[in-house]
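Engineer: Join the two chains into one complex using the hints; note that each chain is given alone, in its own frame.
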Amino acid sequence: TQLLEQSPQFLSIQEGENLTVYCNSSSVFSSLQWYRQEPGEGPVLLVTVVTGGEVKKLKRLTFQFGDARKDSSLHITAAQPGDTGLYLCAGASGANSKLTFGKGITLSVRP
Amino acid sequence: DTAVSQTPKYLVTQMGNDKSIKCEQNLGHDTMYWYKQDSKKFLKIMFSYNNKELIINETVPNRFSPKSPDKAHLNLHINSLELGDSAVYFCASSRALGGGDPGRTQYFGPGTRLLVL
Numbered sequence: 517t518q519l520l521e522q523s524p525q526f527l528s529i530q531e532g533e534n535l536t537v538y539c540n541s542s543s544v545f546s547s548l549q550w551y552r553q554e555p556g557e558g559p560v561l562l563v564t565v566v567t568g569g570e571v572k573k574l575k576r577l578t579f580q581f582g583d584a585r586k587d588s589s590l591h592i593t594a595a596q597p598g599d600t601g602l603y604l605c606a607g608a609s610g611a612n613s614k615l616t617f618g619k620g621i622t623l624s625v626r627p
Numbered sequence: 297d298t299a300v301s302q303t304p305k306y307l308v309t310q311m312g313n314d315k316s317i318k319c320e321q322n323l324g325h326d327t328m329y330w331y332k333q334d335s336k337k338f339l340k341i342m343f344s345y346n347n348k349e350l351i352i353n354e355t356v357p358n359r360f361s362p363k364s365p366d367k368a369h370l371n372l373h374i375n376s377l378e379l380g381d382s383a384v385y386f387c388a389s390s391r392a393l394g395g396g397d398p399g400r401t402q403y404f405g406p407g408t409r410l411l412v413l
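Quick mapping for you: the protein sequence lines, in order, are chains A and B. For the first sequence, the residue numbers in the numbering used here are 517 to 627. For the second sequence, the residue numbers in the numbering used here are 297 to 413.
Chain B with its partners taken away, still in its complex shape (with noise of 0.2 Å):
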């Protein structure tokens, strides 16, 4: 009874490769977020989804394409793997857009590690 899921778990390819991360969620929740925790552990948003429109698009190199094909799914497609995008990336659900209402929790997948060669 996963509520948001991801795939794969781990990723590993060479640079230059073309790849995607696929995310789905099973809570009935109008929007959907991509987010990148650098090894660091700094989480960052990527981008947001509110039934299937791009809502948020925070200065990510146009090589990061997501597709929203309906609600219960948010796909990432990375163009041109570079060293620098190695990284977990975590997709999350919401039943609104925020996160900062309480009514409007995010709920994060467990995470595609990605690591590029």
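The shape of chain A in the complex, shown without the other chains (with noise of 0.2 Å):
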């Protein structure tokens, strides 16, 4: 069983902060997506990277991939308040196979 682990589990930081939370496994992924859900909501899709060292950025948010395809970071620059959610991550082994998501990180960014 492939195994996702999301850290920090809880965050909680002032508005214009930086932070990087983490997406770790043992296993190796042939791609890893990043979700964000807002209360109420179903998760949207931020990026998805698929080779290894890849980063991506989607304006404030850094994402990057790690070199054996078994671990991913999340950079966020000057936190803001609609920042504040349940980040997931999610990895696939295959172009067929099912997502398996980590257990999330929930982020709160205080005005």
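Among the hints, a few may not be true.
[Claimed, not checked] Partial list, derived from the structure: chain A residues whose beta carbon lies under 8 Å from chain B:
1. Q549
2. R552
3. P555
4. E557
5. L561
6. V566
7. N612
8. S613
9. L615
10. K619
[Claimed, not checked] Heads up, simulated DSBU-like pairs for lysine-lysine below, C-alpha to C-alpha not over 35 Å straight-line:
11. B:K363 / A:K619
12. B:K363 / A:K573
13. B:K337 / B:K367
14. B:K337 / A:K586
15. A:K586 / B:K340
16. B:K315 / A:K619
17. B:K318 / B:K348
18. B:K315 / A:K573
Hints listed in this document are in silico derivations from the structure and should not be mistaken for laboratory results. Since this is a predicted model, take the numbers as computed values, not measurements. The beta-carbon is built from N, C-alpha and C at its ideal position, and this holds for glycine as well.
Structural biologist: Okay, here's the thing in structure tokens:
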């Protein structure tokens, strides 16, 4: 069974701070995704990374896929209250395979 | 113009009852999924259908029976509801099976919050 561990589980920071959160596994994934889920809504895809060492930027969010394709990080610069939500990472072991989700990171950004 | 819609949004029922949740997508996708998110926010796949055929069945009790009348709809019927069935159930769809491929992004519905008393 492939497991994805996300850390920290909870994070509460002040607006304007930077933060990095992690998604780690002992398994290799062909791709890894990050989702954000807001209260009362379904998860929304932020990014898919497929190449070891890949870095993708989405405005203030920077995603990195580990060289060995076992882990990923999400860095947020100058966090804003609108970044508040549950951040889920999900891995796939092949193009047709199911997604395995981590348990998520609850981020709260205080104004 | 909701892409993936679910009904009902909230469902409160007694233990032992039978209930159904409906899902519809207007994205023209071939693949649909049911996920369960527990109280700790852990999201786990239950079923996947591709072109109305069951592809993934993840060790789910047979009290749960999905049905796909056509590619745009995937319903979930639950018999003899138990307390442990309380969770948020999400429907999702993608162009093709998978979701890890950038071309097969999964789009999630807003969820159905089931509470079994």
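Engineer: Are the hints correct? Go through all of them and say.
Structural biologist: Hint-by-hint comparison with the structure:
Evaluation of the Q549 of chain A hint against chain B yields a held restraint, the C-beta minimum of about 7 Å falling below 8 Å. With a least beta-carbon distance of about 11 Å to chain B, the hint placing R552 of chain A at the interface is violated under the 8 Å criterion. Contact between P555 of chain A and chain B, as hinted, is not supported at the beta carbon level, the nearest pair being about 10 Å apart and thus beyond 8 Å. For E557 of chain A, the interface hint holds, since its Cβ comes within 8 Å of a Cβ in chain B; the closest pair sits about 6 Å apart.
This hint holds: L561 of chain A has a C-beta 5 Å from the nearest C-beta of chain B, less than the 8 Å allowed. Among the interface hints, the one on V566 of chain A holds; its C-beta lies about 7 Å from the nearest C-beta in chain B, closer than the 8 Å criterion. With 8 Å as the threshold, the beta carbon of N612 of chain A comes within range of chain B, its nearest partner Cβ sitting at about 5 Å, so the hint holds. The closest approach between the C-beta of S613 of chain A and any C-beta of chain B is roughly 6 Å, which is under the 8 Å cut-off, so the hint is satisfied.
A least Cβ separation of about 5 Å between L615 of chain A and chain B falls short of the 8 Å threshold, and the interface hint therefore holds. For K619 of chain A, the suggested interface contact is upheld, since its CB lies about 5 Å from the closest CB of chain B, less than 8 Å. Taking the CA atoms of K363 of chain B and K619 of chain A, the gap is near 28 Å; set against the 35 Å cutoff, the hint holds. Of the supplied pair hints, the one linking K363 of chain B and K573 of chain A is violated, its CA atoms being roughly 39 Å apart against a limit of 35 Å.
In summary, the hint linking K337 of chain B to K367 of chain B is supported, as the alpha carbons are separated by about 28 Å, within the 35 Å threshold. The hinted pair formed by K337 of chain B and K586 of chain A meets the criterion: a straight-line CA distance of about 22 Å does not exceed 35 Å. Taken as a hint, the K586 of chain A and K340 of chain B pair is honoured in the structure, with Cα atoms around 20 Å apart against an allowance of 35 Å. A distance of roughly 27 Å separates the Cα atoms of K315 of chain B and K619 of chain A; the hinted pair therefore holds under the 35 Å criterion.
At most 35 Å may separate the alpha-carbon atoms for a hinted pair to count; K318 of chain B and K348 of chain B meet this at roughly 15 Å. The hinted pair formed by K315 of chain B and K573 of chain A fails the criterion: a straight-line CA distance of about 43 Å is larger than 35 Å.
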